[in-house]
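All residue numbers for the sequence shown refer to this note's numbering, where the first residue is 1 and numbers rise by one.
Take the hints with a grain of salt, since some may be wrong.
Said to hold, decoys possible - Restricting the straight-line Cα-Cα distance to at most 25 Å, the calculated cross-link-like pairs of lysine to any residue (SDA-like) are:
id, residue 1, residue 2
1, K328, Q350
2, K426, A345
3, K176, E34
4, K229, R254
5, K426, T385
6, K271, D240
7, K229, L215
8, K328, A318
9, K328, R279
10, K271, P230
11, K426, D389
12, K367, S390
13, K367, G463
Worth flagging that the hints you see were computed from the coordinates, not collected in a lab.
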Amino acid sequence: MLAVAATALVLMRQNVMRSFAEYAVSIELDRLDELSNSLARRYQTRGGWQFVPAEREARAEWIAIELARLQRQRQLGVAVPEAPAAPAPPAPPAPPVAIREPLGRAVAPEPPAPPAPPLPPPFIPEPPDEPSVLPPVDELGLQDRVTLLGADGRYLAGYSGSAGTDARRAIISGGKTVGYLAVARGARPSDAMARTFVQQMKDSLPIIIGASLALSALAAMLLAAHFRKPILRLAEGARDLADGHYERRLPDARSDELGDLAATFNQLADKLGRAETSRRQWVADTSHELRTPLSVLRAQLEAVQDGVRPANADSTAAMLRQVLSLNKLIDELYALARADVGELALQRHQIDLWQLATEQASAFSDKFSAAGLAFHAVPPTEASTVLADSERLRQVFANLFENCIRYCGAGARIAMQLNTEGGVVKLTIDDSGPGVSEAALARLGERFFRVEGSRSREHGGAGLGLALVQRIMQAHGGTLTFARSPMGGLQVRLAMPMVVT
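Please construct the entire structure, taking both the sequences and the accompanying hints into account.
In structure tokens form, the structure reads like this:
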């Protein structure tokens, strides 16, 4: 940052000096207006540049002579004669003419008249002796840097080293450009004002540069501290998360990108905390669900071993039921674990969702009757073809119907219907009760969750069935939702993308 500031200040200094040099040249061009007007008048009077000396040495000094003449004329307030370009040669004398007398006699020619005395030089008043009106020295050094060019850019007089990039002032005569006055840029401005300005710039720029660098360094340190603190807090928070301290939060009141990063960090910590809580709950619930059938099975085996219960068909059947319950729980846990990591295998093909649902309902008809439940299906009027794994969907309907048998009392009614909307097949299963609270509706898809009124072991189930159904539906690109049923109990909604045939 300091290097950038120093470079910017150095470039600024160079730009100021260059700009002032260009400004000085433009001022010098303005000071040549008098010379430009004088040359334009003489060009119009003579009809060209014939008044410019022909010799190269004289042309090189002619601009300086003209500038001195105009300066003297301005000081004296009277016109100063222009210096002739070259003296005109004297006219040859007329040949003598013989005069004849009336009688025809020749008379000798008269001798030529003597040359007239030269005219006195024009009166030029001498400049007064006061220093205030004496011609000043050419402080700008213009006479050594001014070039007279023709309309085509050809050199006419003055400084002969003019470049094409020099500043120019057009000479206008008769409404057209007849030439140019070019001023070469001086090595450095030399008049009093320029020297003063440049000296002031040289004196003040180091101070400005030093102050700017100091302020830049101070600003850099403040900015570094401003950004360093939240970055250090973020690094410390990341280490805490790595150590398992998911309760760590960062202040996110800033309105910049670091504030957004802190807010994202807090969201990450919150999600990691919930995931850790869920993992611990999963382990605890799994241990509890596995321990219960194992404890029952162990008690039955110990009773047989101790002779409390006879080893007959009834005791063997009771132990087999516990083994089957344990096996089902393990299968559901395995399926859920595979679904969580995205490894739930699906053999997809086109099937009729309504037909598969009614077939599974028919398979449960005896169980419905034994539980005192009345099942009713409303045939759809539209096709319900979906791309899905039929065995997984049978598992879905088996779990849903099993829940109805477990938790709906005798005399309850079950209704199933299907409709399509926007390319989505929607299948709904309603029962007449008992109902489920709003708080419980939001948790029905969680692992090991059971409604308080159904937590009795006599209903069976570990609370994994609906969680598994939800994972299977998600794997098919569908959804599983729960709501209060118009019939008074629970409403289960299945939605899947429809295949257009």
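Pair hint K229 and L215, alpha-carbon separation not exceeding 25 Å: Distance ~21 Å between K229 and L215 Cα, so the pair holds.
K328 paired with A318 [C-alpha distance capped at 25 Å]: holds, 16 Å
Check whether the Cα positions of K426 and D389 lie no farther apart than 25 Å. Roughly 17 Å between the alpha carbons, so the hint for K426 and D389 holds.
Restraint check for K229 with R254, where alpha carbons must lie at most 25 Å apart: holds, 12 Å
Would the hint linking K367 and G463 be met if the CA-CA limit is 25 Å? holds, 20 Å
Given the hint that K328 pairs with R279, does the C-alpha gap stay at or below 25 Å? holds, 21 Å
K426 and T385: Cα distance at most 25 Å? holds, 11 Å
Does P230 lie within 25 Å of K271 when you go C-alpha to C-alpha? OK: K271 and P230 at ~21 Å, within 25 Å.
K176 paired with E34 [C-alpha distance capped at 25 Å]: Given pair K176, E34 holds - Cα atoms ~18 Å apart, limit 25 Å.
Does S390 lie within 25 Å of K367 when you go C-alpha to C-alpha? holds, 22 Å
Against the 25 Å threshold, does the CA-CA distance of K328 and Q350 hold or violate the hint? violated, 29 Å
K426 and A345 were given as a pair; does the straight-line alpha-carbon distance stay at or below 25 Å? holds, 23 Å
Going through the hint list in order, the structure does not satisfy hint 1, though it satisfies all others.
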